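Trainee: Residue strings, one per chain:
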Amino acid sequence: MVRHLVSLKLALLRGGLKRGGRRSALALIASLLFAFGLGALTFLALVALRTTTDATSSDVAAVVFFVLLLGWVVAPLLALASDNTLDIDRLSAFPLTGRQLMPGLLLSAAVGPGGVFTALVLLGVFVGTAPMGLGAIPVAVVVALEFLLCMALSRLVSTTLSAATSKRRWRDVALFVGPLLALVINGGLQLLNGRFTDESGRFSTDPQSDFVIVTRRIARWLPTGWGAQAIHGAQTKSFVAPALGLLATAGLIAGVVALWWRAIQAATTNPATGGRSKRAVRTALFPWAVVGLPKNALGGIVAKELRYSWREPRRRAALLGLLTPALFPLLRLGDASTAGPRLCLLAALPMLTAGANPNLFGFDGDRFWADVVAAVPTRTELLARTLARALITVPLGLLLLAALVAFTRSPSGALPAIGLMAAVLGVASGYSAIASVRAPFPMPDVGRGNIFGSGGSGGGSAGGLASLAVVFGTMLTVSPLVVATLVVSVDTAQAVVFPLGLLVGVGGWLLCLRIAIPRQSGTEADLLAKLTRI
Amino acid sequence: MASERARRGQPLRASGRQAKQLAAPAVSLRSLSKSFEDKRAVDGLSLDVPTGSFFGLVGPNGAGKSTTLKMATGLLRPDAGSVEVCDHDVWSDPVAAKARIGVLTEDLRLFDRLSADELLSYNGLLRGMDPATTRTRADELLDVLGLADDRATFVIDYSQGMRKKIALACALLHAPRVVFLDEPFESVDPISSRTIRNVLERYTETGGTVVFSSHVMETVERICDHIGVISSGRLVASGPTNELLGGKRLEDVFFELVGAAPDDTSALAWLDTSSP
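The listed protein sequences derive, respectively, from chains A and B.
Position 344 of the first sequence, counting from 1, maps to 344 under this note's numbering, and the rest follow consecutively.
Position 74 of the second sequence, counting from 1, maps to 74 under this note's numbering, and the rest follow consecutively.
Hint data in this document are derived by calculation from the structure and do not stem from the laboratory.
This one's a predicted model, so the numbers in the text were calculated from it and none came from an experiment.
A virtual CB, placed ideally from N, CA and C, is assigned to each residue, including glycine.
Check before you lean on any hint, since a few could be wrong.
Label-pair ranges, simulated between beta-carbon atoms [what the hints assert, rightly or not]: (1) A:Val-394 with B:Asp-149: 36 to 42 Å; (2) A:Val-184 with B:Asp-149: 38 to 44 Å; (3) A:Ala-406 with B:Phe-36: 56 to 62 Å; (4) A:Ile-185 with B:Phe-36: 44 to 50 Å; (5) B:Asp-149 with A:Ala-284: 17 to 23 Å; (6) B:Arg-234 with A:Leu-320: 49 to 55 Å; (7) B:Asp-89 with A:Arg-379: 19 to 25 Å; (8) A:Leu-180 with B:Thr-265: 52 to 58 Å; (9) A:Lys-530 with B:Glu-186: 25 to 31 Å; (10) B:Ser-31 with A:Lys-530: 50 to 56 Å.
Isolated chain A, as found in the complex:
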């Protein structure tokens, strides 16, 4: 059975390569190379622990064990949909006992980029911390046990949660939380990097600082630290500490395996029933904030778009993206003399990312048939979809502007900023409307691809090119206003940029809509054909 499950995992990896085409093959090769490269770098860094004190090296080992275990618990849950061997539900139909399943499931978990990375890192811990002679034996055993612990705990969690993870809501959350988690980890690492580097950028840490002392203490007494304590005992040639550490780790693994056994019994005798997750939702189509919308096709489409902007993971991710351009340079805004003009540019940036959406129908894809069969005119569609975008963006933009004004203490820049925001949003929305009708492309469904990107939209670089064209077109159109904002005095900017910006925004939007709307009747069906994946 071990051989069959490992073969299944390898077959799935091969199948993924064949089915997904070149893009998928590249993604797998890249992830393997990344895992190998990062694992090799970590291995080298850990080997360098031989130059540090025993206490430091064992504490680093404790932190490494903890991070690895955390990764093994979280990552498979987020990537469950991509690995059938992780899902116990799929095996519940076969006449297999837990005893037959467990070794195979453990080993198949280790096959893949995660296993390669973990093996390299743990090898690094061994080389970096093991003393010469017999003392290396307990370290080798600790490393092997930690590997086993990672696999077993990962399997326990994924088996226990298999019923929940097969539900649509879990997948929605995982799709959103996964990339977000990666961002948070990246941010955390940046912060840590700041903690451990001096002003010249060199690695430097004070072992007596509170932060380091507390971290070491926590890492040592976590369950993953028990193995590290055994390593420390082996380094100091103590007999009791390694024995106790090994026993504690082995006991932990035994407990995890026992729980996993029970979870397998429960999952194979009472598998999830199709993953239907019912959730009562409010029954009004119109969100409370926009109850004033007209009760017609225009209002209906706006309301639907607003609902979808939160309920669909990819659109939710896009909302998050609205704020990012403004957050990066926020820290550089301190100079009071140039704060006003900079504030205008910063406030206008999210309007650009929000407005530049050259595939307004793409997320709907072939669901757009419902609108086509109701004979909704293209003009109404475009008006509604750009309006919905504005209804989300404008309040967020104004909030951001208020924060920027408060941060820079330059209220005089607010009016020109609003003008520039209106111009950018209006023009970008207008150009997007033209692109959406002239060059639409279907987007893949949720769950297939990166929700922060087009996720293999099928539009390929043509889709990206349309986005670039809208961004550059908008920048070119509003550039006179931007220049005016930067060169004229604040009073002039308030008197000129504000009204002119509103005029350019609204005028540009309406003009582009007029250009975008096809003259021939029945072209909605042609648009639908372009949005339908065959």
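Given the coordinates of chain A, work out where chain B should sit on it, guided by the hints.
Mentor: Then chain B, alone, in the frame of chain A:
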């Protein structure tokens, strides 16, 4: 005027008897053709669907049933030919024609992150119906279709049968004169199937016209009063069920018209031995 009434969801249909007395067909397809790259999906198909009829369109997989229905409902532009629904050309007068049409597609791609209530409300708004009428009709449809308890659930969390029923509710909400249903009984449990059938039969009794595609012969034979058989994109037979069948079973007539597949299963002799 009639078009405006239809857009607002007011009944356009005459009573059943009156409707059946109308001479003009509810749907008229003339020389419809459609190709996808080098494959000719529909090849010069012409067909009249009598007003008030329950019309079944049968054919093997890939015969062109779904493509025909998509062209008839204005969802797919034909390469050639014309479509009229209640005397309105679907492609030159789409607003008037589509106001009289209800559609249930085969793949059921709905806005499924809306609840049933929200989806019906959305459809009502697209059709220009006033919210109060939409509300009343939605309540009644959800009750009749057995979805009232799940009205606040996202459609994405519905079973296949429930999705068929909510899609049917969307198709009927504006009281169309003709409903086009692509495989409405596929993957549906017997209870849901009976509910859908009852609703449709009631609809035709009051003058509505149903055009539906299927490859379940028993269902078509049992409930349709007119049948059209499509093969390789062409209409090979059409007419009232009794006349078309001539006392035979639809399955037999179908095999005669489109050709039967070989049924040699001798290669599966190993199935005679049971597992240990």
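Trainee: So which of those numbered hints doesn't the model satisfy?
Mentor: 10
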